[in-house]
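Asker: Mapping of the sequence shown onto this note's numbering: residues 4 to 77, in sequence order.
Just so you know, not all the hints are guaranteed correct.
[To be verified] Only pairs whose alpha carbons sit at most 25 Å apart, straight line, appear in this in silico BS3-like list of lysine-lysine:
id	residue 1	residue 2
1	K18	K40
2	K18	K69
3	K70	K18
4	K76	K34
5	K40	K69
6	K70	K34
7	K76	K40
8	K34	K18
9	K69	K34
The set of hints was computed from the structure by calculation and includes no laboratory data. Note that the structure is predicted; figures quoted are calculated from it, not measured.
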Amino acid sequence: MAVEALPLDSALVVKYQFELTPAGAPVVRQKGLNGVKHDATEEDLYDVAEALFSLVDYPVLQVLLKKNFELNKE
């Protein structure tokens, strides 16, 4: 029996350096954008992350795309 993956919700998560500790270690934080369309391209989502973080002084360390699917037997 075949299994079908139905797209549910997706989230764009951006990890960024917030500040440095007194010892010089980076403090990493993250912001998420939920409700991302499942058919949005990875390139467009990356461009959105870059555009949003160009408005602040925090360097982006990592951009993640989290996709959730429901698996059903056909």
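Asker: Return the numbers of the hints above that this structure violates; sort them in rising order.
Answerer: 4
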